[in-house]
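Asker: Sequence:
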Amino acid sequence: MAFNDCILSAVAQGALEKDEGDDLIRRYEAHLASVQVETKNVGDLPATVDQEKAAKDRLFKEIDEDAKRKEFFLKRNDEVIGKLVHVAQTYMYKGAHDVLEAMLGVLENKNNALIGVPSVAGRRDALLGEAHAKMEQMLYEFRRNWFSGRRMNPLRENNLIDEAFATATGDDAAKGFLAAFRGATDDLMNRFNELGGEVRLMDDLSPHGGYFPQPKEDARILARMGVDKWVEFIKPLLGVQYMRDPLTYGPLSPERLDEALRVVFWRKVTDGALEMKPAMAQFGEGALANQRAEHRFLIFKDGDAWRAYDAAMGSNGAYAAMMHHVESLARDVAALEVLGPNPAAMVEWMQQFVHHEAAKAAAGQPSLWRGGPTIAKAGGVDSGAWQVPRLWRSLRGGADVGNMNAADLFGATRNLLMATQLASTPVLAFFTDPFQAANARRFAGVPFARYFADTARQIFAKADRREVVAAGVIFQDAMEHLVGDVRRMGMTVGAISEASKFLPDRIMTWNGLTPWTHAQRRAGAMSFMQRAGSLADKSLEEIKAADVDGSRFGRWLEGYGIGEAEWDKLRATAPAGDEVAMLRPIDAFKAAAETGDADLREIGLRYSEAVHSFIEENTPEGTARVRATFRGERRSGTWLGELGASAGMYVTFPCNVWTSMMSAAMHESASGRTGWKWITGWKWIMGGVATLTLGGAILTQVRELLKGRDPLPVNSIEFWEEALVRGGGGGVWGDYLAADMSRGGNTIGAKVAGPVAGLLGDVMNLVNPRLLAQFSDEQPNRAKAAVNLASKLTPVQNMWWLKPVTQRALWDQLQAWADPEAYRNWRRREKKLRDDTGQGVWWGPGDIAPRRAPDFSTSWRG
Numbered sequence: 000m001a002f003n004d005c006i007l008s009a010v011a012q013g014a015l016e017k018d019e020g021d022d023l024i025r026r027y028e029a030h031l032a033s034v035q036v037e038t039k040n041v042g043d044l045p046a047t048v049d050q051e052k053a054a055k056d057r058l059f060k061e062i063d064e065d066a067k068r069k070e071f072f073l074k075r076n077d078e079v080i081g082k083l084v085h086v087a088q089t090y091m092y093k094g095a096h097d098v099l100e101a102m103l104g105v106l107e108n109k110n111n112a113l114i115g116v117p118s119v120a121g122r123r124d125a126l127l128g129e130a131h132a133k134m135e136q137m138l139y140e141f142r143r144n145w146f147s148g149r150r151m152n153p154l155r156e157n158n159l160i161d162e163a164f165a166t167a168t169g170d171d172a173a174k175g176f177l178a179a180f181r182g183a184t185d186d187l188m189n190r191f192n193e194l195g196g197e198v199r200l201m202d203d204l205s206p207h208g209g210y211f212p213q214p215k216e217d218a219r220i221l222a223r224m225g226v227d228k229w230v231e232f233i234k235p236l237l238g239v240q241y242m243r244d245p246l247t248y249g250p251l252s253p254e255r256l257d258e259a260l261r262v263v264f265w266r267k268v269t270d271g272a273l274e275m276k277p278a279m280a281q282f283g284e285g286a287l288a289n290q291r292a293e294h295r296f297l298i299f300k301d302g303d304a305w306r307a308y309d310a311a312m313g314s315n316g317a318y319a320a321m322m323h324h325v326e327s328l329a330r331d332v333a334a335l336e337v338l339g340p341n342p343a344a345m346v347e348w349m350q351q352f353v354h355h356e357a358a359k360a361a362a363g364q365p366s367l368w369r370g371g372p373t374i375a376k377a378g379g380v381d382s383g384a385w386q387v388p389r390l391w392r393s394l395r396g397g398a399d400v401g402n403m404n405a406a407d408l409f410g411a412t413r414n415l416l417m418a419t420q421l422a423s424t425p426v427l428a429f430f431t432d433p434f435q436a437a438n439a440r441r442f443a444g445v446p447f448a449r450y451f452a453d454t455a456r457q458i459f460a461k462a463d464r465r466e467v468v469a470a471g472v473i474f475q476d477a478m479e480h481l482v483g484d485v486r487r488m489g490m491t492v493g494a495i496s497e498a499s500k501f502l503p504d505r506i507m508t509w510n511g512l513t514p515w516t517h518a519q520r521r522a523g524a525m526s527f528m529q530r531a532g533s534l535a536d537k538s539l540e541e542i543k544a545a546d547v548d549g550s551r552f553g554r555w556l557e558g559y560g561i562g563e564a565e566w567d568k569l570r571a572t573a574p575a576g577d578e579v580a581m582l583r584p585i586d587a588f589k590a591a592a593e594t595g596d597a598d599l600r601e602i603g604l605r606y607s608e609a610v611h612s613f614i615e616e617n618t619p620e621g622t623a624r625v626r627a628t629f630r631g632e633r634r635s636g637t638w639l640g641e642l643g644a645s646a647g648m649y650v651t652f653p654c655n656v657w658t659s660m661m662s663a664a665m666h667e668s669a670s671g672r673t674g675w676k677w678i679t680g681w682k683w684i685m686g687g688v689a690t691l692t693l694g695g696a697i698l699t700q701v702r703e704l705l706k707g708r709d710p711l712p713v714n715s716i717e718f719w720e721e722a723l724v725r726g727g728g729g730g731v732w733g734d735y736l737a738a739d740m741s742r743g744g745n746t747i748g749a750k751v752a753g754p755v756a757g758l759l760g761d762v763m764n765l766v767n768p769r770l771l772a773q774f775s776d777e778q779p780n781r782a783k784a785a786v787n788l789a790s791k792l793t794p795v796q797n798m799w800w801l802k803p804v805t806q807r808a809l810w811d812q813l814q815a816w817a818d819p820e821a822y823r824n825w826r827r828r829e830k831k832l833r834d835d836t837g838q839g840v841w842w843g844p845g846d847i848a849p850r851r852a853p854d855f856s857t858s859w860r861g
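Note that numbering that gives the first Met the number 0 has the sequence shown beginning at 0, numbered continuously upward.
Be aware that a few hints might be false.
Claimed, not checked - Label-pair distances were calculated between CB atoms; the ranges are:
{"id": "1", "residue 1": "D227", "residue 2": "A172", "range": "38 to 46 Å"}
{"id": "2", "residue 1": "V701", "residue 2": "T679", "range": "30 to 38 Å"}
{"id": "3", "residue 1": "W385", "residue 2": "L246", "range": "36 to 44 Å"}
{"id": "4", "residue 1": "T679", "residue 2": "A218", "range": "51 to 59 Å"}
{"id": "5", "residue 1": "T679", "residue 2": "A789", "range": "48 to 56 Å"}
{"id": "6", "residue 1": "D4", "residue 2": "G182", "range": "47 to 55 Å"}
{"id": "7", "residue 1": "Q364", "residue 2": "E258", "range": "49 to 57 Å"}
{"id": "8", "residue 1": "V84", "residue 2": "E258", "range": "42 to 50 Å"}
{"id": "9", "residue 1": "W385", "residue 2": "Q778", "range": "45 to 53 Å"}
{"id": "10", "residue 1": "S533", "residue 2": "A455", "range": "17 to 25 Å"}
{"id": "11", "residue 1": "E593", "residue 2": "K537", "range": "20 to 28 Å"}
{"id": "12", "residue 1": "P365", "residue 2": "A448", "range": "42 to 50 Å"}
None of these hints come from the bench; they were simulated from the model. All C-beta atoms in this analysis are idealised placements derived from N, C-alpha and C, irrespective of residue type, glycine included.
Assemble the whole structure, with the sequences as input and the hints as a guide.
Answerer: Quick look at the structure:
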């Protein structure tokens, strides 16, 4: 009896479900088609007995392998669940078990959580740092140009593409860079397969010598092309002889190629929704271990074909494709290592675990929930377990998009506002970052004494900058890409949105903020690794017993799963010699590779997590947990989602700082004396706020000088209130709120609603100046409103080192032309300022040149 007839008979007898039978027939026929292609027997010729036997043998082998993988998946899931339960049973928050904080910490162990085990976010950073260390020479070669933002050495990037497709260019450097990239990605892919993945390396499929990633297409361009035009366009570019049937891994027949390409197109355009079948699971959240093979389906025939497709799809070139591939691999491997082969399902288990423990607490039973029966509410339990999947979605990319065009339009608006409103932000960073770093170093037990020296080295010494990346720290420049050619997207909202990213990206570089931030983060990594290196001759117990800083440094290491035994193995990898050197993650990775010590590699990854988490505390850029808190489930491109995005534009920094400060206070209080622990925690908070407020005080005076005013009197409550808002955890948001609101008619309500809402208020004031006149003591004037709006929205001119000149020489002159009352209003404001604070004006509005030097005697008002 033929195979298909056997299956149909089994279905008729009830031995198989219809879906199971259909699946077996489909898989068998796919294998048979591949066998026929291999034996040159295609078309209408019937299959031979040998071909049918070969197809059945392959199917049976595949079924056996599937069974083994399922068994492996079950075993891994049991291991992960056991570890999660152990974390919940051992993690203490404010002296009590806290299953919710424990589960959130497993996803992201940042903001001073210190849960004691690897996390998804931290492991991703560690893996990415290792990959960047292996590719350091390539990353430096293709770094971005300071002025244009373009990648350097584009000709070598072209050579790299040709080398990737086995075309010799004679460029040994490009060939070496390709080898480093493939080595790093093959290591990640091998680990992916060890964790249950089933992706074949490409060196056995083509003469190209290995895999080279596909260009990352813009789905909007694909949608405009349509499936027929796209298939017609891409087929001549493909090396079909190297491609494999995604179902059988065998050769592709022409029919299967067309079918597969159409499936690929609709997957890309609809994000897989077209193939979604109703099921009792969230869409797109199947086993992650099964999801990477399809990314390697398309193989281009040569470098010219790859470049042609990249150009047509509006992509960023080879370097961006390579970095996206490395980042996505690191993210997936991290999820598999921490959560098992089906991370989304494990996240669902974690949510149910939290909810179950909360329900036990509500019923008065022993529980790992931090709280009591008061969490019960009518009809359910208020467990907060919804925070777990929300944080997971934030780690994986955030909420879905409601309306793509609306999301692009609002995104372009926010980019424009960031380019103009944050042009002077470096002044904030220069004077507050040292105080934030002081708080972070105090909590982690890293001396502050090296801060200024390490920062200077990271700004001015190229060798030191490269040394940190080579140590195993993420190279930030590699994560930042600008779209190569938005013209190929046409006159669309999407093109406008992509083009708008250029302004904030370049302005933040030209004004010094991006270089300063990168230097701060590298300096933090250097200080931490040098601190670890200086202690490499001591046991962890000796470090903790030495002094307060040692105790805190030991606590930090333990917060990432590095105990006494792990520290002993880690410090053995420190470079030999009398001079204090950095204890680098890459040294642990190399030692583990040489000895085959999997435990040492795991310790190295944990140590790298500790380093990268310290970097975030030293110079916060925003954690996924904070982003998830403010983004919630609101979708981009909807009114609610965009309003939330506007209100939260500059809130990430202060929320990040305060979340970390509260966690730090909790840990400090736990180490305080019995009965007085709450005092220890509050002392930590007050000390941290005082430190940041001191930075805000310096910033406030610098801001006054840049405005052409004399310093504020420091012996007034108003001064310290403003310093608290600007520096005491308020950051960019506090600086934005404390800015002069008299220009443009913005109310504090509009500012709290966010920059986009504030822009709407400015536009309304331009259309109808009387509408907002009630918030000002000046007469409404449309021309003046137009000048004010233009001064706010014109980029570049308001960078901190240009603004004093452009404001006086350009915008004040235009305002005087537009408003006959301008000089009278300016002088009235000067008088009010002098009466209220005692400040004078050394470079007043409308003055082309300064009147005098600043008078610092106003810093103290008698």
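Asker: It remains to establish, for every hint, whether it holds in the given structure.
Answerer: Here's how the hints hold up against the structure:
1. D227 x A172: 38 to 46 Å: holds, 42 Å
2. V701 x T679: 30 to 38 Å: This hint holds: roughly 34 Å between Cβ atoms.
3. W385 x L246: 36 to 44 Å: holds, 38 Å
4. T679 x A218: 51 to 59 Å: For T679 and A218 the Cβ distance comes to about 53 Å; the hint holds.
5. T679 x A789: 48 to 56 Å: holds, 53 Å
6. D4 x G182: 47 to 55 Å: holds, 50 Å
7. Q364 x E258: 49 to 57 Å: Holds, at about 56 Å.
8. V84 x E258: 42 to 50 Å: holds, 45 Å
9. W385 x Q778: 45 to 53 Å: holds, 51 Å
10. S533 x A455: 17 to 25 Å: holds, 20 Å
11. E593 x K537: 20 to 28 Å: holds, 25 Å
12. P365 x A448: 42 to 50 Å: Holds, at about 48 Å.
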